[in-house]
Each structure stands twice: as structure tokens, then as C-alpha cells.
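Novice: As a plain string of letters, each chain reads:
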Amino acid sequence: MGITQILFWFLTALVLGSALMVIFSKNPVHSVLWLIVTFFCISGHYILLNAQFLAIVNVIVYAGAIMVLFLFVVMLMNLNAETEPQKNKWLKFAGAIAGSCLLLVLVAALKDTDAMRQEVLMKTGDIGLIHNLGMVLFRDYLLPFEISSVLFLSAMVGTVVIGKKGD
Amino acid sequence: MTILNIDWFFALEKLILIAVVITGALVIAMYSTYAERKVAAFIQDRRGPNRAGPFGLFQPLADGLKLFFKEEIIPSHSNKVLFVLGPSLAMLTAMMTSAVIPWGSKVELFGRSIDLQIADINIGILFVFGVVSLGVYGILIGAWSSNNKFSLLGGLRGASQIISYELAMGISLIALLMVTGTLSLKEMVEQQRHGHWNIIHQPLGFLIFLICAFAECNRTPFDLPEAENELNCGYHSEYSSMKLGFYLFAEYINMFISGAVMACLYFGGYDIPFVDESALAVNTAAILGAVALLVKVGLFIFLFMWVRWTIPRFRYDQLMRLGWKNLIPLSLLNMFVTGAWILWKSKSH
Amino acid sequence: MQSLTQRAQPVDRRPMTWVEKIYLWNIFRGMLITLVHLFSKKVTINYPEQTRPFSPVFRGLHILNRDEEGRERCTACGLCAVACPAEAITMEAAERLPGEEKLYREEKYAARYEINMLRCIFCGLCEEACPKDAIYLTETIAPANYSRRSFIYGKEDLLIPDPNTQPAEYAKARGQIDKKKKAGA
Numbered sequence: 002m003g004i005t006q007i008l009f010w011f012l013t014a015l016v017l018g019s020a021l022m023v024i025f026s027k028n029p030v031h032s033v034l035w036l037i038v039t040f041f042c043i044s045g046h047y048i049l050l051n052a053q054f055l056a057i058v059n060v061i062v063y064a065g066a067i068m069v070l071f072l073f074v075v076m077l078m079n080l081n082a083e084t085e086p087q088k089n090k091w092l093k094f095a096g097a098i099a100g101s102c103l104l105l106v107l108v109a110a111l112k113d114t115d116a117m118r119q120e121v122l123m124k125t126g127d128i129g130l131i132h133n134l135g136m137v138l139f140r141d142y143l144l145p146f147e148i149s150s151v152l153f154l155s156a157m158v159g160t161v162v163i164g165k166k167g168d
Numbered sequence: 445m446t447i448l449n450i451d452w453f454f455a456l457e458k459l460i461l462i463a464v465v466i467t468g469a470l471v472i473a474m475y476s477t478y479a480e481r482k483v484a485a486f487i488q489d490r491r492g493p494n495r496a497g498p499f500g501l502f503q504p505l506a507d508g509l510k511l512f513f514k515e516e517i518i519p520s521h522s523n524k525v526l527f528v529l530g531p532s533l534a535m536l537t538a539m540m541t542s543a544v545i546p547w548g549s550k551v552e553l554f555g556r557s558i559d560l561q562i563a564d565i566n567i568g569i570l571f572v573f574g575v576v577s578l579g580v581y582g583i584l585i586g587a588w589s590s591n592n593k594f595s596l597l598g599g600l601r602g603a604s605q606i607i608s609y610e611l612a613m614g615i616s617l618i619a620l621l622m623v624t625g626t627l628s629l630k631e632m633v634e635q636q637r638h639g640h641w642n643i644i645h646q647p648l649g650f651l652i653f654l655i656c657a658f659a660e661c662n663r664t665p666f667d668l669p670e671a672e673n674e675l676n677c678g679y680h681s682e683y684s685s686m687k688l689g690f691y692l693f694a695e696y697i698n699m700f701i702s703g704a705v706m707a708c709l710y711f712g713g714y715d716i717p718f719v720d721e722s723a724l725a726v727n728t729a730a731i732l733g734a735v736a737l738l739v740k741v742g743l744f745i746f747l748f749m750w751v752r753w754t755i756p757r758f759r760y761d762q763l764m765r766l767g768w769k770n771l772i773p774l775s776l777l778n779m780f781v782t783g784a785w786i787l788w789k790s791k792s793h
Numbered sequence: 004m005q006s007l008t009q010r011a012q013p014v015d016r017r018p019m020t021w022v023e024k025i026y027l028w029n030i031f032r033g034m035l036i037t038l039v040h041l042f043s044k045k046v047t048i049n050y051p052e053q054t055r056p057f058s059p060v061f062r063g064l065h066i067l068n069r070d071e072e073g074r075e076r077c078t079a080c081g082l083c084a085v086a087c088p089a090e091a092i093t094m095e096a097a098e099r100l101p102g103e104e105k106l107y108r109e110e111k112y113a114a115r116y117e118i119n120m121l122r123c124i125f126c127g128l129c130e131e132a133c134p135k136d137a138i139y140l141t142e143t144i145a146p147a148n149y150s151r152r153s154f155i156y157g158k159e160d161l162l163i164p165d166p167n168t169q170p171a172e173y174a175k176a177r178g179q180i181d182k183k184k185k186a187g188a
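Residue numbers (our numbering), protein chains in the order written: chain A, 2 to 168; chain B, 445 to 793; chain C, 4 to 188.
Check the hints yourself; a few may be wrong.
With a Cα cut of at most 30 Å, we get these calculated DSBU-like pairs of lysine-lysine [to be verified]:
id, chain 1, residue 1, chain 2, residue 2
1, B, 482, A, 165
2, A, 27, A, 112
3, C, 24, A, 165
4, C, 105, C, 158
5, C, 24, C, 45
6, C, 44, B, 482
7, B, 769, A, 166
8, B, 510, C, 24
9, C, 105, C, 175
By construction, these hints were calculated from the structure, which means they are not laboratory data.
All figures in this text were calculated on a predicted structure; none of them were measured in a lab.
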């Protein structure tokens, strides 16, 4: 077993453990912090796939910006373990079913794709490096990329409209 | 020697380098506290610390010793684990950035050619950026776990300030990346050899980057998170002893690292101005280059202090207006102009 | 309202110009000012090594004088206590016994002589009132202490060193008194 495998299993255990801790933590702040740990482990997986750019962007965008805002909101609303409302048993049940349905759909959709058939390129693939990624993004997937930027723009316009309403 | 497909000599060499860099960063941060007090005193026509040792040179040791011997207080209503985690994270993220900074070119030792850089990853500057964006967790977690309103307000201010200024910083950086065409700090420094410093191409970008660096380091005029006259100390109100020391220390290490990053990005890193390094022996050139980099960093640290003791603190709305309404449009303009210039240059060839 | 002096300056309330609005130029000017101060002369005095010269009329801690043979000059006449506006001085007189001629200059002497340094205002009226050249205010600053009791200075704290046993200390203290006399004259 090479060092890559050891790291892979270590990261996988860590990612699953911390993801479970996100759900099982009573304190919302702890949940958010465990989620950050999860993002880090996923970034570690990206690095193992030699996708350093994706790894660092994952850290910058998710762990560095979005989770800060999450933490921000949780702290501002002063959510504690005590203030967590007791959820209805049926609600929990419905949540579990909805979650499993999503998992089922994902598995069904991905089980026959090309990506599943080929061996994962451990440490050798270079599609995640910034040069190749840029080429792919701006040559093969130019239209979806630009459309997604319009999506962001619309989100920005939406926030401005909501923000202006008070005046 | 290879076990588990690892070159252990390589690992040892890197470990030694990490130890040297971290010790160096700590010592420099230590003496930055001394320099800060001296600069403050000199600007205010005073003398500064001059009792401990010659010229007060042992003052940082005395301060550190004092911090160690102070009573360690953990507030009874705080979240104990996170309360300790906060300063540790602040220190960790401050140290982590030093990994990708090229401290010098190569030295040749025992027949091995050793890079004076801990990790030359091809996304170097993004790594710095990612770690800096994590720096806010140290502040935020420490602030929240203290269970104190002033701390929390300081932490929230710090978080929103750092996120806001990261944007302008990132966009000004994109313009620079368009010029250099690489994300690796080492390559950037190599491109700037022989005085072709990036500051010539990106003066506005540098100015924006510098202002954002002040905000990211929580230095005056942007030290709102610890504004003592309104928040009584901000996020570290409840901290005492060495945990407080960690927060204060992290600030100085951040200053040192951001100085190093700016020197590498815009001022040629270990390039010695008006000297042709290829004429020198490899080791001499490396050592002189490292010294040149440290001098540049020292000048940046001095600039940080000089500004601190000159300019009063911004108001919070002024800070946000500057970040969102001035710096971001300016950096966008800078990016646009740089792109147009590059396009025009490639067309004219 | 008519202004009393000509020194009033009208406040400049014009809107900021473009250069002022981007702040950078003004910040730069401010930094130049601090840079000049960085190299200017420091006003601090390194206190224990360097002392500022006292003015000739400086009044610090009291000292009880002796004559050249080392005899106490004070006769416990009480004029200093009467002159003291803060009522800080108290004393008890005693008669000199045979055999004590070497200790006390005259037949009556102060067995107890106390000054409360917390009450004393260092006005120097005791010095002026003394007919026997016995009390002087020196250039020593009253030191801080922890208890109130310790601020009541007795004879052992106030007396000038004996010229027979401690000539060097006596000469030093004496020098201060002489300087004082010269300034007064």
C-alpha cells in the first residue's frame, strides 16, 4: 500500500466522520465547524487527484467565504444547543425518506456514466491543473460557463433589489 | 533512501527548511513587537524600550516571559474547546502561508541542490489566498467562544472586513496574474529577475493590494476588530496569558508574511537590484538574495508601522464604503485596462 | 457677537476637492510629517542616569542640620511647627544631660521630631522660620510607599549624616544646604 492509498483511506475516514459529526452535533456552531473540516478533507481528495486548483478553490470559496457567512449568521442569531427546537418525529422521518430518495437518484444517474467505468486517476491526471481546466472551460464548456455567470449576475441584481426596497 | 516511495533525504531537507522558516518567522515577529514600540516612540519623539539589555534588545524576551507567567483565565461561560482553538488557529494560519514563499534561489549543499522554498506548488499564490481566507476563523471562533458581546462584535467586524477586502485583493491579483501568466510564486520571482519588477506594470494593482493587505492584517487604519475605544479590545477581550500572546503574535507574523508576499509579487522577491546574480557563486547568490528579500520585507513591516502611527482609525461605514465602492471598481478597472493592454500588445506583435 | 480677540480662525467648510477625496495625497503628507519626527531630537530624559537640573528654589524632603562637630542644631523651639500652614510638624523637647554635649549643640534639644509627609506641602516656611539654621528642604523627592505610617518621618529619617562617622555623606548633604543658602542670599 503506497502513501497515496494510506492518505486516501485516512482522508475518507476523516471526511465521513466529520460529515456525520455535522449532523450529530447538538450545537449549530459545532456543526458548521465540522462542515469546514469536511470541506478540507474533500480538498485533500482533490489534491490526491492532482487537482490542486480545484482543491484550493474549494478551500477559498467554500471553507473561506461561504462557511464564514454561515458561521456569521449562526453566531448572530445566537443559536445554541438549548435553543434548538424539538422537531416532530414525523418530520424527521420525512427528512430521512427525502434524503434517501436523493441518494437513490444520484446513484441511479451516476452508475452508468463514463467516469465510473474508468479507473480514478490517482496522482497522475492533470485535468485539475489550472491550465487544462481553463482550456476545457473556455473551449468545450464556454456556453454553460457564461450562462452560469449570468446566473450569478441575476442573484446579485436580486440582492440589490431586495436591499433597495427599504429606502 | 526510499521507503514507501518517499525520498527521506528530501523529506529531511524540507523538515529542516520548515523549522528554519518557522523559527525565523517567530524571531522576526518577536522583534517586530520591539520595532513597533521603537517606531511608535521615535515618531512621537520618545525613546521607546531601552532598559532590558543594550538598546532594550531583550525587551521581546521579557514580554514573552511575562505573557507566559500571566494567569491563564478561561471564562466560565465560554466554550472551552473553541476558546483554545481560536488562538491556535490564528497562529496556524499565520504560519502556513510561509510554505509557498520562495525565500531564495537554490543552495548547493553536500552535492544536493536545495530549493529555498518549502513547496513550489503551481498554484502558490492561490494557496496564500486560501490560507488568508481561513485566518478569519481564528478571530471568529475566538470571538464567539468568549461569550462576550464586545468580542463577538469584534469578531463579526473582522470577518466581514476580511471577506470584503479579499474580493478587491483577489481582483487586483488577477490583473497581475494576467501579466505574469503563472500562479507559482517561484516562477513569478524568476520572471522579475534583472529589475523587471511587476510594480512597473501594476502600480495601481499594487496600491490596491497594499491597502487590502492592511485590512487583512487588521492593522491601523483598519484595526476595527480590536478598536479599543469602542470594543474594549475586540475579539481578544477575554484572552489572557499566552493565548492573548498568540493572537498578538499572529498579527505580527501576518505582517511579516504579507510583506514577503508583496515583495515576491511586486518587488522581485529575492532579486537584488542592480546586481547580476549569475556572476556570483550559487550559494552566495542564494544567501544574498534571501537577505535582499528580508530587507524588502523589513521595509514593508516598517511601512505597516509607519502608517499605524500616522493615520487614525477609519469608521466602520467608511471602511466598508472604501472596500466595496472604491477598491472593487478600481481593481475591476485595473483588470480591464491590463487585459486590453495585453491584447493590444499581442496584436501589435 | 463681537469677538474679543483677533485670533479666531474661520472654519473651512468648503466641500472636499478631488485630491482630498482620494485621501492618498493627504495620507502621504501626514506620513512625511511622521517621518521627519522619526529623526528629530528625542525629548525624553533617561531619568536615573540623567537628571534634569532642579531650579534653585526647588523644595523637596527636609533635612535636620548638624554643625561642623556633628552636634544637632535643633533646639525644639517649635517655631517651625507654628509656621507650618499644613500642621505637619510635631516635636517633643528634652533637656540635655551632662555628657551629651557632643550630641546636642545647646541645652535643649528635640527628643522627637516628626514631619508628616502626607500633610506637608513643601512650602519651605519652616526653613524660613528656623532661627537656629537647623531645618532645610533638600532636592530629594519624597518617595512613594505602601503605608500611611511610613510617611511620618522621624528624626532618624531626617537627620543629616554625622560628619564624624560618615564624612562623605555629610559633605554631600551639606553641599545641598550650602547651595540653598547661596540661592536664598
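Novice: Each of the hints needs a verdict: does it hold here or not?
Specialist: Now for the hints, and whether the structure bears them out:
no., hint, result
1, B:482 <-> A:165, "violated, 49 Å"
2, A:27 <-> A:112, "violated, 35 Å"
3, C:24 <-> A:165, "holds, 26 Å"
4, C:105 <-> C:158, "holds, 17 Å"
5, C:24 <-> C:45, "violated, 34 Å"
6, C:44 <-> B:482, "holds, 14 Å"
7, B:769 <-> A:166, "holds, 20 Å"
8, B:510 <-> C:24, "violated, 44 Å"
9, C:105 <-> C:175, "holds, 22 Å"
Consistency note: the structure conflicts with the earlier hints numbered 1, 2, 5 and 8.
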